[in-house]
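Assemble the whole structure, with the sequences as input and the hints as a guide.
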Amino acid sequence: MTYNDWTPDQPLVSIRDVHKSFGDLEVLKGVSMDVKQGEVVCIIGPSGSGKSTLIRCINALNSIDSGSIKVEGLEVNDPALNKLELRKTVGMVFQQYNLFPHKTALENIMMAPIKVLKQPLEQVEKLSRSLLERVNLVGKEDAYPGELSGGQQQRVAIARSLAMNPDVILFDEVTAALDPETVNDVLVAIKDLAKDGMTCILVTHEMGFAREVADHIYFTDRGVIVEHGPPATFFKEAKDPRTQEFLSQIL
Amino acid sequence: MKPGRKAMNRYHGDTDLAVLKPFKFSPAGSVQDLLFSRWLADFSPRSLLIIGLLFCLWPGFAMAQSNYSFAQAMDALWRWLPFIVTKGFALNLLVSFFTMLVGTIAGVLLGLGQISPLRPLARLSWFITQLFRNSPWLVLLFIVMLAMPFEIQIGDTIYPIPDWLKAVFGLSLPIMANISEIVRGAIVSVPTGQWEASESLAYSRHQTLWLVILPQCFKRMIPPWMNWYAILTMATPLISLLGVEDIVTLSRQAMEAEDNHPELLVPFFGFTLIIFFAYCYPIARYTISLEKRFVVNQ
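If you're matching them up, the sequences are chains L and C in order.
19 is the number that our numbering gives to position 19 of the first sequence; each next residue is one higher, with no gaps.
Add 251 to a position in the second sequence, counting from 1, and you land on the number used in our numbering.
Please keep in mind that the hints were generated in silico from the structure rather than gathered at the bench.
Where is the CB? At the ideal position from N, CA and C, for every residue including glycine.
Taking lysine-lysine and the BS3-like style, the derived pairs with C-alpha atoms no more than 25 Å apart in a straight line are:
{"id": "1", "chain 1": "L", "residue 1": "K36", "chain 2": "L", "residue 2": "K83"}
{"id": "2", "chain 1": "C", "residue 1": "K470", "chain 2": "L", "residue 2": "K115"}
{"id": "3", "chain 1": "C", "residue 1": "K470", "chain 2": "C", "residue 2": "K543"}
{"id": "4", "chain 1": "L", "residue 1": "K118", "chain 2": "L", "residue 2": "K88"}
{"id": "5", "chain 1": "L", "residue 1": "K83", "chain 2": "L", "residue 2": "K115"}
{"id": "6", "chain 1": "L", "residue 1": "K195", "chain 2": "L", "residue 2": "K88"}
{"id": "7", "chain 1": "C", "residue 1": "K543", "chain 2": "L", "residue 2": "K103"}
{"id": "8", "chain 1": "C", "residue 1": "K470", "chain 2": "L", "residue 2": "K103"}
{"id": "9", "chain 1": "L", "residue 1": "K83", "chain 2": "L", "residue 2": "K118"}
DEER-style ranges, computed between Cβ atoms:
{"id": "10", "chain 1": "L", "residue 1": "G23", "chain 2": "C", "residue 2": "R297", "range": "54 to 62 Å"}
{"id": "11", "chain 1": "L", "residue 1": "R129", "chain 2": "C", "residue 2": "W290", "range": "50 to 58 Å"}
{"id": "12", "chain 1": "L", "residue 1": "Q123", "chain 2": "C", "residue 2": "A529", "range": "53 to 61 Å"}
{"id": "13", "chain 1": "C", "residue 1": "R297", "chain 2": "L", "residue 2": "V138", "range": "54 to 62 Å"}
{"id": "14", "chain 1": "L", "residue 1": "F22", "chain 2": "C", "residue 2": "L360", "range": "27 to 35 Å"}
{"id": "15", "chain 1": "L", "residue 1": "D65", "chain 2": "C", "residue 2": "F393", "range": "49 to 57 Å"}
{"id": "16", "chain 1": "L", "residue 1": "N77", "chain 2": "C", "residue 2": "R370", "range": "18 to 26 Å"}
{"id": "17", "chain 1": "L", "residue 1": "H102", "chain 2": "C", "residue 2": "G436", "range": "15 to 23 Å"}
{"id": "18", "chain 1": "L", "residue 1": "G150", "chain 2": "C", "residue 2": "R370", "range": "32 to 40 Å"}
{"id": "19", "chain 1": "L", "residue 1": "N62", "chain 2": "C", "residue 2": "G436", "range": "25 to 33 Å"}
{"id": "20", "chain 1": "C", "residue 1": "R370", "chain 2": "L", "residue 2": "E147", "range": "37 to 45 Å"}
{"id": "21", "chain 1": "C", "residue 1": "D293", "chain 2": "L", "residue 2": "K29", "range": "57 to 65 Å"}
{"id": "22", "chain 1": "C", "residue 1": "L299", "chain 2": "L", "residue 2": "K83", "range": "52 to 60 Å"}
{"id": "23", "chain 1": "L", "residue 1": "R16", "chain 2": "C", "residue 2": "L541", "range": "48 to 56 Å"}
Which residues of chain C face chain L? A few of them, derived with a C-beta cut under 8 Å, are:
{"id": "24", "residue": "G444"}
{"id": "25", "residue": "A448"}
{"id": "26", "residue": "L462"}
{"id": "27", "residue": "V463"}
Pasting the structure below:
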């Protein structure tokens with residue numbers, strides 16, 4: 001049993017000097033950041049800068065080579081860590097939605113709370129229906145993922161993650177694979193979460209969204225955090241030439 | 252193309268001498284066409300009728316000069332037919348059912364072993380799979396038939412092991428190995444995103460496999476599984492070489508009882524061919540139609 005003196009006023013996710021290589025390619029070269037409870041953090045940067053790898057390390061989908069990642073005081077890099085317990089705390093939504101194609105929307109949401117958390121069926125079904133309502137998908141309960149649009153699938157994926165009642169949700173470029181007209185529905189769903197105080201860490205290319213919703217923005221390039229700050233200052237007073245170049249290309 | 256190759260081609264273009272052009276392999280069809288079921292199912296129902304007719308007519312011409320007439324041979328076949336089918340062919344089917352049952356259970360376990368996170372288990376399962384996938388079936392049959400005891404003693408009771416049961420175990424080995432590959436291939440073909448999504452929802456590996464991955468694999472395993480069943484059924488006459496009283500053994504016994512007239516060969520073995528064809532052809536057609544349906548659905 002790890003000794004844990006974490007209290008809610010400390011950072012929920014604390015990343016310290018994380019290094020990660022795939023073979024000879026070092027994708028994270030000493031990254032540090034803190035995410036407080038209820039905070040919405042956006043990580044932006046050019047592709048291949050290590051953004052996705054970083055958030056995949058937070059729920060131990062990828063391991064790290066050195067440094068430390070703590071979620072609610074628990075060391076993610078600890079080999080003795082129960083990864084399943086960690087993942088009950090940390091939800092994740094993927095670029096490709098990754099819904100289970102052989103289950104309906106409602107079943108996709110209900111499966112994990114029933115099988116993993118062992119919650120009673122009626123309670124889970126009630127919760128799942130209300131979550132579908134929350135992401136504006138009433139009437140799609142019995143639809144299979146193949147019958148839903150990308151944006152609808154992604155909202156089911158968000159509801160599926162919420163059903164586990166996590167303390168923080170990781171969003172890995174969740175709008176990158178969507179048709180432009182469905183992007184907004186997904187962003188609205190995430191905004192709604194953020195408003196309700198869910199801690200969110202997003203890797204995103206949606207600058208308008210980041211500016212509006214984020215409490216803090218990190219800009220990464222080639223495995224390091226080049227610059228960070230609240231959106232008001234970040235977008236107006238970017239100092240580093242790399243940040244300026246990136247923003248000028250995207251905005 | 253490498254720069255060296257380009258330069259060489261230009262050189263060849265300039266010369267008047269006979270030049271050996273580089274050999275290019277361009278296969279005409281797709282690998283799928285090599286599937287046994289596909290080959291079998293490619294026969295149109297009309298061609299079957301023609302083949303059948305030729306079968307009936309040809310011995311008529313060949314045996315015209317003999318004093319043992321074709322009609323007599325057909326008559327003999329007719330008399331033996333119920334015996335050959337109910338005792339012989341039924342045994343072939345029995346062996347094919349049990350072999351498929353044993354082979355499938357063992358193959359699924361071996362296939363799951365191949366994708367196990369325990370490296371030694373995965374390596375061992377891989378090795379067993381490759382070993383039995385690449386061995387001649389007849390040799391495997393001989394080894395099992397000769398190595399297995401003819402009876403086993405449990406407590407005070409002695410249980411004899413009939414030859415057909417030994418044959419089942421012998422044929423199960425290659426079936427097991429091929430099913431193992433089907434299972435492994437189907438699991439590997441599920442996108443990694445499905446594993447990651449399950450993991451991030453705190454599913455254990457066991458739950459991920461049984462709740463998420465395998466249900467998606469099931470459909471794509473059925474057509475190749477049926478393909479192997481057809482191949483197996485056609486291979487069951489191998490057991491006649493080991494003295495098991497299957498359709499071929501009984502046909503030979505019947506012919507001996509009819510004084511071994513050479514004229515009996517074509518009707519008797521022709522009948523064996525036809526009955527196997529009649530059994531396997533619908534399976535092959537059905538396999539292809541399932542394959543098509545699953546492709547459309549995915």
